[in-house]
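Enquirer: Spelled out from the first residue to the last, the chains are:
2 protein chains.
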Amino acid sequence: MSYNKTPSITAETINQKVRMFTYEPCGGIVRHAQRLEQEIYENPGSLPFQEIIYCNLGNPQALGQRPIKFFREGVRSLREAVADGIAARDGFPSIPDSIFLTDGASSAINMMMQILIRSHEDGILCPLPEYPLYSGSIILHGGTMVPYNLTEDSGWGLEIFEVKSCLEEARASGLTIRAMVVINPGNPTGQVLSMTNQEEIVEFCRKEGVVILADELYQENVYTENKRFNSFKKVARSLGYDHKEISIVSFHSVSMGYYGECGRRGGYMEICGFGADVIDEIYKLASLTISPNIAGQILISLVMDPPKLGDGAFEIFMAEKEETCSSLLKRAKTLHKAFSSLEGVSCNKFEGAMYLYPRLQLPPSAIKAAEKERVNPDVFYVHRLSATGIVVVPGSGFDPVSGKSHFRCTILPGEDKITAMVPRLRAFHEAFMDEFRS
Amino acid sequence: MSYNKTPSITAETINQKVRMFTYEPCGGIVRHAQRLEQEIYENPGSLPFQEIIYCNLGNPQALGQRPIKFFREGVRSLREAVADGIAARDGFPSIPDSIFLTDGASSAINMMMQILIRSHEDGILCPLPEYPLYSGSIILHGGTMVPYNLTEDSGWGLEIFEVKSCLEEARASGLTIRAMVVINPGNPTGQVLSMTNQEEIVEFCRKEGVVILADELYQENVYTENKRFNSFKKVARSLGYDHKEISIVSFHSVSMGYYGECGRRGGYMEICGFGADVIDEIYKLASLTISPNIAGQILISLVMDPPKLGDGAFEIFMAEKEETCSSLLKRAKTLHKAFSSLEGVSCNKFEGAMYLYPRLQLPPSAIKAAEKERVNPDVFYVHRLSATGIVVVPGSGFDPVSGKSHFRCTILPGEDKITAMVPRLRAFHEAFMDEFRS
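Protein chains in written order, with UniProt numbering: chain A, 1 to 438; chain B, 1 to 438.
One or more hints might be untrue.
Pairwise CB distance ranges, derived in the manner of DEER restraints [claimed, not checked]:
id: 1; chain 1: B; residue 1: 209; chain 2: A; residue 2: 161; range: 51 to 61 Å
id: 2; chain 1: A; residue 1: 172; chain 2: B; residue 2: 16; range: 21 to 31 Å
id: 3; chain 1: A; residue 1: 42; chain 2: B; residue 2: 330; range: 44 to 54 Å
id: 4; chain 1: A; residue 1: 169; chain 2: B; residue 2: 162; range: 24 to 34 Å
id: 5; chain 1: A; residue 1: 31; chain 2: B; residue 2: 317; range: 50 to 60 Å
id: 6; chain 1: B; residue 1: 48; chain 2: A; residue 2: 91; range: 52 to 62 Å
id: 7; chain 1: B; residue 1: 32; chain 2: A; residue 2: 194; range: 36 to 46 Å
id: 8; chain 1: A; residue 1: 333; chain 2: B; residue 2: 39; range: 32 to 42 Å
Cβ-to-Cβ under 8 Å is the rule here; a few derived chain A residues that face chain B [said to hold, decoys possible]:
id: 9; residue: 21
id: 10; residue: 23
id: 11; residue: 137
id: 12; residue: 263
id: 13; residue: 419
id: 14; residue: 422
id: 15; residue: 423
Think of the hints as simulated: they come from the structure by calculation, not from any bench.
By construction, the Cβ of each residue, glycine as well, lies at the ideal position given by its N, Cα and C atoms.
Given the sequences, and given the hints that come with them, work out the whole structure.
Expert: Here it is as structure tokens:
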């Protein structure tokens with residue numbers, strides 16, 4: 001691992017609270033022992049003992065269940081599987097030491113915010129609408145969210161000159177811009193960024209010395225023929241930029257895709273373009289919660305290294321995957337058609353992720369009624385809708401301004417449920433409009 | 001849930017960064033829907049629909065696997081099992097709504113530090129030696145650690161008048177003392193607090209309005225006939241103090257005990273004596289990482305609600321538990337005897353937890369050699385020891401001062417490994433002492 005030529009993120013410029021604490025149970029002595037263990041593995045007989053006895057951690061799986069090998073070699077091989085999967089996906093190398101396995105993507109995102117944010121003078125570029133984990137985590141770690149707008153009229157695309165002007169304005173106000181969050185495919189918006197758009201983002205972040213925090217959780221959920229998923233790392237490498245020239249962190253999870261194993265809490269982040277000393281600090285920070293759960297670690301490695309042609313499991317796996325993906329698309333189409341047909345509702349194209357994000361044009365008297373209840377119009381509508389047993393998320397949870405006229409609806413309920421839901425939704429909406437039209 | 005009469009921890013006095021963010025995907029509308037669902041469950045037919053369709057979260061287990069019921073009713077019943085187990089253990093009631101299931105105890109501890117700490121002017125009383133998750137988490141969240149000493153000569157007991165003077169000194173310097181961490185049974189020290197000592201702590205924290213953060217991870221690891229584990233909540237209730245009079249958070253985990261399932265990342269915290277608005281903020285903070293892993297949630301409920309006399313699994317379960325516990329004790333005794341017999345090494349009594357914390361009196365020339373290498377004497381010794389394949393943790397990782405003459409060793413390697421380790425340890429130590437004695 002080597003440094004950026006002019007790295008914006010160094011051990012000196014991360015959140016110094018992370019550097020200040022020590023955590024010896026997973027500290028220097030343990031890593032020294034791991035090197036000895038590797039030495040025994042590679043050159044048997046080279047040391048005067050055959051195995052390491054780990055008396056450092058209160059990990060009772062050492063009770064004769066051979067967990068030590070599992071934690072050491074086992075976990076290493078899981079990270080290798082993930083790195084291999086990334087390399088196969090992108091056509092560019094990935095190294096296991098750049099992979100951190102995590103309990104879902106959320107804990108990885110929180111960890112990176114904790115590393116990057118030193119004070120409220122550190123700004124993070126973040127889309128609006130956004131998944132509120134980002135704004136929440138930025139606020140929680142004491143930073144400043146610097147929003148940039150996605151524009152509904154261009155299919156929730158991103159205008160790089162607007163992002164640039166957000167960055168410049170933020171800098172003029174005294175902020176240091178540390179990173180740019182990009183959610184692709186989009187949540188809640190369901191868009192898939194074009195290659196051109198991604199290239200612009202890479203050029204911009206490289207030039208400005210801004211880390212790309214790439215939410216790539218929905219990389220397997222692309223439903224349009226015209227676009228495909230490209231990781232930001234692939235885009236950067238395709239443009240000829242290596243780890244010395246741009247810093248990218250990619251987040252992924254077992255919760256999405258065609259697998260949807262939320263309850264397993266498996267995930268990884270791939271960290272590219274940071275110095276070894278920063279990686280050490282991230283490792284220490286990760287050690288504070290000991291380790292992600294093993295089942296989730298195994299699952300994310302399987303997600304990234306699925307059965308291949310010729311493997312025994314291949315056919316059933318492909319059939320299941322295909323069935324799930326085509327069912328998801330079918331459900332999305334049904335819901336999209338239903339929303340689009342409602343009075344005063346328009347609905348964006350559905351390209352990826354798992355959400356529709358319809359726009360509501362409510363009658364003025366409905367907006368007044370919401371005001372009277374001191375809630376946003378979207379909350380008012382969504383709350384009324386919930387009285388029919390249908391739960392969606394108010395748009396203002398994703399964007400305090402434009403969200404007031406939106407809500408987010410997953411495409412995930414089973415086909416039969418969606419079929420049953422559509423007439424209920426229609427009846428509710430018609431009654432709602434009738435009530436407030438006059 | 002009701003408030004302390006003069007609660008030190010209210011929604012107004014927690015870390016305001018937690019209050020500042022919103023997280024709608026798990027927000028008000030969802031809790032409203034959950035109330036509707038409860039209504040359907042309790043009074044079937046009372047609402048014009050039979051089930052809630054959750055279109056709010058991108059949780060694809062809704063893909064026909066009936067996960068919604070599991071997440072809602074299932075998880076409720078897991079928390080009920082934990083609460084029942086606590087009630088059975090303590091003889092005092094515990095309510096499911098006070099239980100937060102977590103990915104191991106570490107994430108729960110981090111979450112509470114994040115809630116309690118507003119700035120570096122907030123102090124947390126913390127023992128020395130301590131498990132460095134505490135100091136790490138306090139620093140990470142921007143607070144000030146206020147150490148109190150455990151004294152080796154009294155078997156790592158705690159003198160309440162000393163804690164009081166630490167608190168007063170800290171207050172005089174402008175700090176607000178928010179909480180007191182107590183690790184019982186102790187890590188790294190292996191002591192079990194006496195009932196009298198626990199009562200003093202409860203009286204002290206109640207009087208001073210200080211939250212008790214009770215690390216009760218080793219509650220099943222008590223090996224002495226003379227003492228037993230008592231939760232701080234039980235001690236407080238036995239003294240007649242209810243949730244209005246004292247705030248206690250108890251942490252537990254599947255990683256310790258006779259089960260030792262570290263890799264599962266299961267845990268809970270029981271939160272007593274906080275207002276409902278504080279609980280709401282903790283719920284929101286917990287939602288930022290979505291949920292703990294399901295397997296870990298199930299496991300912690302089983303840990304707290306193990307097979308009972310008459311259950312089919314009871315006999316095998318008891319036999320396994322007994323076998324593990326007696327083997328742990330045997331290993332502890334072997335190691336204790338070995339350490340105690342070494343020149344210049346003394347070793348504390350082993351009462352509980354999973355650690356021995358021997359004291360090293362190294363020859364002056366060894367200390368000089370350490371100085372020359374610019375490391376603490378404990379690190380110097382431990383590093384040398386690791387060259388024999390035995391890994392322990394330097395004491396300075398638990399206490400920067402007294403730790404320089406200690407190291408922590410788990411009792412967890414299998415009996416055969418411990419038997420093999422003792423002569424290696426002895427040979428190393430003798431050679432080490434010979435080298436530096438002159």
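Enquirer: All hints are to be evaluated individually against the structure, with a verdict given for each.
Expert: Results for each hint:
no. : hint                       : result
1   : B:209 to A:161: 51 to 61 Å : holds (55 Å)
2   : A:172 to B:16: 21 to 31 Å  : holds (27 Å)
3   : A:42 to B:330: 44 to 54 Å  : violated (35 Å)
4   : A:169 to B:162: 24 to 34 Å : violated (54 Å)
5   : A:31 to B:317: 50 to 60 Å  : violated (38 Å)
6   : B:48 to A:91: 52 to 62 Å   : holds (55 Å)
7   : B:32 to A:194: 36 to 46 Å  : holds (39 Å)
8   : A:333 to B:39: 32 to 42 Å  : holds (33 Å)
9   : 21                         : holds (4 Å)
10  : 23                         : holds (5 Å)
11  : 137                        : holds (7 Å)
12  : 263                        : holds (4 Å)
13  : 419                        : violated (11 Å)
14  : 422                        : violated (11 Å)
15  : 423                        : violated (12 Å)
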